[in-house]
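Asks: Chain residues, written in single-letter form:
Protein chains: 2
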Amino acid sequence: MNINPVQLFDVESSTFTYILVADDNESAVIIDPVERHWERDLAHLERLDLKLAYVLETHAHADHVTSAGKLRELTGAQAAVPSGCGIAPAEVQLNDGDVIRFGPHDQIEVLHTPGHTAGSVSYVWRGNVFTGDTLLIDGCGRTDFQSGSSAALFDSVVGKLFALPDATRMWPGHDYKGQSVSTIGWERRHNARLTNRSKEDFGVLMAALNLPKPKLIDMAVPANQNLGLPHGA
Amino acid sequence: MNINPVQLFDVESSTFTYILVADDNESAVIIDPVERHWERDLAHLERLDLKLAYVLETHAHADHVTSAGKLRELTGAQAAVPSGCGIAPAEVQLNDGDVIRFGPHDQIEVLHTPGHTAGSVSYVWRGNVFTGDTLLIDGCGRTDFQSGSSAALFDSVVGKLFALPDATRMWPGHDYKGQSVSTIGWERRHNARLTNRSKEDFGVLMAALNLPKPKLIDMAVPANQNLGLPHGA
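Heads up: the protein sequence lines correspond to chains A and B, in order. Numbered by this note's numbering, the letters in the first sequence go through residues 3 to 235 in order. Numbered by this note's numbering, the letters in the second sequence go through residues 3 to 235 in order.
Hints may be right or wrong, so weigh each one.
Copies of the same chain look alike in the list, so a pair counts if it works inside one copy or between any two.
No more than 25 Å apart at the CA atoms, straight line, and that leaves these computed lysine-lysine pairs for DSS-like [to be verified]: (1) 217 / 72; (2) 179 / 72; (3) 53 / 72; (4) 53 / 179; (5) 162 / 217; (6) 215 / 179; (7) 72 / 215.
Just so you know, these hints were derived from the structure itself, not from any lab.
Based on the provided sequences and hints, a complete structural model is requested.
Replies: Here it is, written out as structure tokens:
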């Protein structure tokens, strides 16, 4: 089986957005849409003649604002988000093991993969996994703010994501090096941060990164917890 | 059916490269790879555990150099190119109606779609068409240099590409506006240059564009006619 999503990119925040098309070629979901691209993304749905069933978020982002609320308003889709992310206005609150159905046969399984944030999830669909900022290609998301935990991220990746079949295609939430897709097997064998590293060593590595505070975090997280809509809207 | 390629992007020349994976998940072809990304593209093949059967070109590009020769050397793939593009070192010279087979069941049909260049082709695979610089999303390639012809491009698009089923997903060779994929049906109904325009009107429009000469053309075309390898190599 070889079903891929449509992968879209935001140059400013290096964020990937994904459109997953059901096997009826009519119904779709979108994962992690970016506010400034709502017109681009609606145009893609129109060109491909797709009806949006769900807008999914992998977590409450700190580096960009979502268009989930706007797309929901404009398409009639439902917003489905991880229950642990404080995104109150979404009608579907997802927990580990939940299944999202769209089209006549398609289903997406929810994996709770905390670590980048406590609520972060990954989505599994037809041999693909969308890992948000939990697992990146040859890397992983930071764990030093917003309820992050290197120990939780290690357990999520090693215990849950690396347990998926090796051929599972892995689509990250960001990439900063022009990379687009990997596989679980490759990441399990070669990931620069996680392969051949104990949980303790990984904790030391992550604590030493000393990353700057994301510029937009104080604005973006509250905005994203409101699906990107103005508060009070 | 909903099989998509992996779509890769070159920011400098806004060029799309595509990896098409056969249904055995082992064999692949790559379309229009870009010289400066040969390592990125090899890494994608390695991560996805794919064996490259063919490197395909849609035409001899004027705005970037191909990595076709390099990828052929490093992977053992064959280079397959349009017969009318003067790319002599390629072992497979393609003509209209030819079929390229890879994996146990996959086949790509060659459509000769002259206009951007006299030799340009499009490739049809599993409900997708890769149109190179013939048809772009809501636009088309220029026709004012390198054996281009607005009349030929009009006939290629209206007569051949728009004759494909409406739901065919259309993947262009470039995009300059953050767009990624369209469909033949949408382009037939809405394309800003071609919809509701006669061949004569289209010729007037294209003649009036007055585009600057591509900066790299004098270097890129001869390089691409040698698969991007140094001459004499």
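Asks: Confirm or reject each hint.
Replies: Results for each hint:
1. For a Cα distance limit of 25 Å, the shortest separation of residue 217 from residue 72 inside one copy, 23 Å, qualifies, whereas the shortest one across copies, 41 Å, does not.
2. In this assembly of identical chains, residue 179 and residue 72 lie within 25 Å of each other by CA distance solely across copies; the values are 21 Å between and 30 Å within a copy.
3. Taking identical chains as interchangeable, the C-alpha atoms of residue 53 and residue 72 lie at most 25 Å apart only when both belong to the same chain, with a minimum of 15 Å there against 42 Å between chains.
4. Within a single copy, residue 53 and residue 179 get their C-alpha atoms only as close as 32 Å, which misses the 25 Å cut-off; across copies the closest is 23 Å, which meets it.
5. When the C-alpha separation of residue 162 and residue 217 is checked against a cutoff of 25 Å, the pair qualifies neither within a copy, at 31 Å, nor between copies, at 50 Å.
6. In this homomeric assembly, residue 215 and residue 179 come within 25 Å of each other (Cα to Cα) only inside a single copy, at 21 Å, whereas the closest approach across copies is 30 Å.
7. In this homomeric assembly, residue 72 and residue 215 never come within 25 Å of each other (Cα to Cα): the closest approach is 27 Å inside a single copy and 41 Å across copies.
Taken one by one, the earlier hints fail for this structure at numbers 5, 7, listed in ascending order.
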